[in-house]
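Peer 1: Here is how the chains run, residue by residue.
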Amino acid sequence: MTDLAIGKVTSSFRKGVQGGLSIGIGYFPIALTFGLLAKTSGLSIYETVLMSLIVFAGASQYISLSLISYGTGIFEIILTTFIVNIRHFLMSATLNEKAEEDRIINKIIYAFGITDETFSVAATKDGTVSTGYMFGLISISYLSWVIFSGVGHLIGASLPHTLQESMGVALYAMFIGLLVPSLKKSTKVFLLSILGAVFNSIFTLGQMMAQGWSIVLSTLLSAILIESIEYIKKRVRGEVNEK
Amino acid sequence: MRSDVFWMIIGMAIVTYLPRMLPFVLLKGKELPPFIQGVLRNVPYATLGALIFPAILFIKDDDIWYGVLGAGAAFLVSYLGANVIFVVIGSIAVLTLYSYFL
Numbered sequence: 001m002t003d004l005a006i007g008k009v010t011s012s013f014r015k016g017v018q019g020g021l022s023i024g025i026g027y028f029p030i031a032l033t034f035g036l037l038a039k040t041s042g043l044s045i046y047e048t049v050l051m052s053l054i055v056f057a058g059a060s061q062y063i064s065l066s067l068i069s070y071g072t073g074i075f076e077i078i079l080t081t082f083i084v085n086i087r088h089f090l091m092s093a094t095l096n097e098k099a100e101e102d103r104i105i106n107k108i109i110y111a112f113g114i115t116d117e118t119f120s121v122a123a124t125k126d127g128t129v130s131t132g133y134m135f136g137l138i139s140i141s142y143l144s145w146v147i148f149s150g151v152g153h154l155i156g157a158s159l160p161h162t163l164q165e166s167m168g169v170a171l172y173a174m175f176i177g178l179l180v181p182s183l184k185k186s187t188k189v190f191l192l193s194i195l196g197a198v199f200n201s202i203f204t205l206g207q208m209m210a211q212g213w214s215i216v217l218s219t220l221l222s223a224i225l226i227e228s229i230e231y232i233k234k235r236v237r238g239e240v241n242e243k
Numbered sequence: 001m002r003s004d005v006f007w008m009i010i011g012m013a014i015v016t017y018l019p020r021m022l023p024f025v026l027l028k029g030k031e032l033p034p035f036i037q038g039v040l041r042n043v044p045y046a047t048l049g050a051l052i053f054p055a056i057l058f059i060k061d062d063d064i065w066y067g068v069l070g071a072g073a074a075f076l077v078s079y080l081g082a083n084v085i086f087v088v089i090g091s092i093a094v095l096t097l098y099s100y101f102l
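Protein chains in written order, with the UniProt record's numbering: chain A, 1 to 243; chain B, 1 to 102.
Rather than coming from a laboratory, the hints here were simulated on the basis of the structure. Keep in mind it's a predicted model, so treat the numbers as computed, not measured. Be aware that one or more of the hints could be misleading.
As the list claims (entries may be wrong) - Below are the DSSO-like pairs computed for lysine-lysine, each with C-alpha atoms no more than 27 Å apart in a straight line:
id, chain 1, residue 1, chain 2, residue 2
1, A, 234, B, 60
2, A, 98, B, 60
3, A, 8, B, 60
4, A, 125, B, 28
5, A, 39, B, 60
6, A, 188, A, 233
7, A, 234, A, 184
8, A, 8, A, 125
9, A, 15, B, 28
Use the sequences and the hints to build the structure in full.
Peer 2: Structure representation (structure tokens):
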């Protein structure tokens, strides 16, 4: 029995690693550049690797570098980080519904590894997600992020210019690759993603709010709007049936 | 390691971890109302839309068509039913070729 259980965990761990492969590739150029920029912003290799090790959030780590170069105070940098990363609250709440029952301690551990990318892969996966799957998915993403942050600082250079530029599409291509299969099957998914994209474009291009809030608000508005329409449609149909 | 940078990193780690962790603790064993459950089920697709646009258009500072081409390649490859990893490699390849030849 124990063997069987362990076998199940390893296979879902392996599936997680496979699911995270695109993230590993996508983080490579971004982490490398982060290491390089951290060096030019005056962070030591230890500080750079420590940040990737315990923060593990690309966008806010980049922002902290530009704030450091501006000479912004520590408190403001931490506050900005909080605002940029508050969207993960929504993502964790979503994953909590989809995650298999398990001891809370395991969830508290893998919660550390929830990023835009690991969330997107886990949330678009068919069925539930197990703890083993989450650990596999996060391990490969985390390793890529931490190792290549250090490598970027060490070698102090990024990839050849054209490759660096073209690899910048990787994570967006992954998001598209995750979205399209569901998009083909469901009008609801299509409307949700279009609304999310339109709201976020209005909010960020119109410079109405910081990116962190914009993604949260666009997501919530779209998700609530579509759900309300569906709810009203059901109600109307229900009332028609009664008569 | 400088102590001010050290504490800055610790602070960043804490404020990043809390929003990631709290929902698992706060919502443990709670059955949410059906409407909220429905909204949460919608979240991944709305988020993906917002994560892709408008950011993908600006992956190259001075050339919006570069982003459009990358997005187009990714849409096409994934619409044909390819695995995500090939969508990623395919769009990198298309953009690399574009930079070399144009």
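Peer 1: Hints first: check each against the structure and report whether it holds.
Peer 2: Outcome of the hint check:
| no. | hint | result |
| --- | --- | --- |
| 1 | 234/A <-> 60/B | violated, 45 Å |
| 2 | 98/A <-> 60/B | violated, 36 Å |
| 3 | 8/A <-> 60/B | violated, 43 Å |
| 4 | 125/A <-> 28/B | holds, 22 Å |
| 5 | 39/A <-> 60/B | holds, 23 Å |
| 6 | 188/A <-> 233/A | holds, 13 Å |
| 7 | 234/A <-> 184/A | holds, 24 Å |
| 8 | 8/A <-> 125/A | holds, 18 Å |
| 9 | 15/A <-> 28/B | holds, 26 Å |
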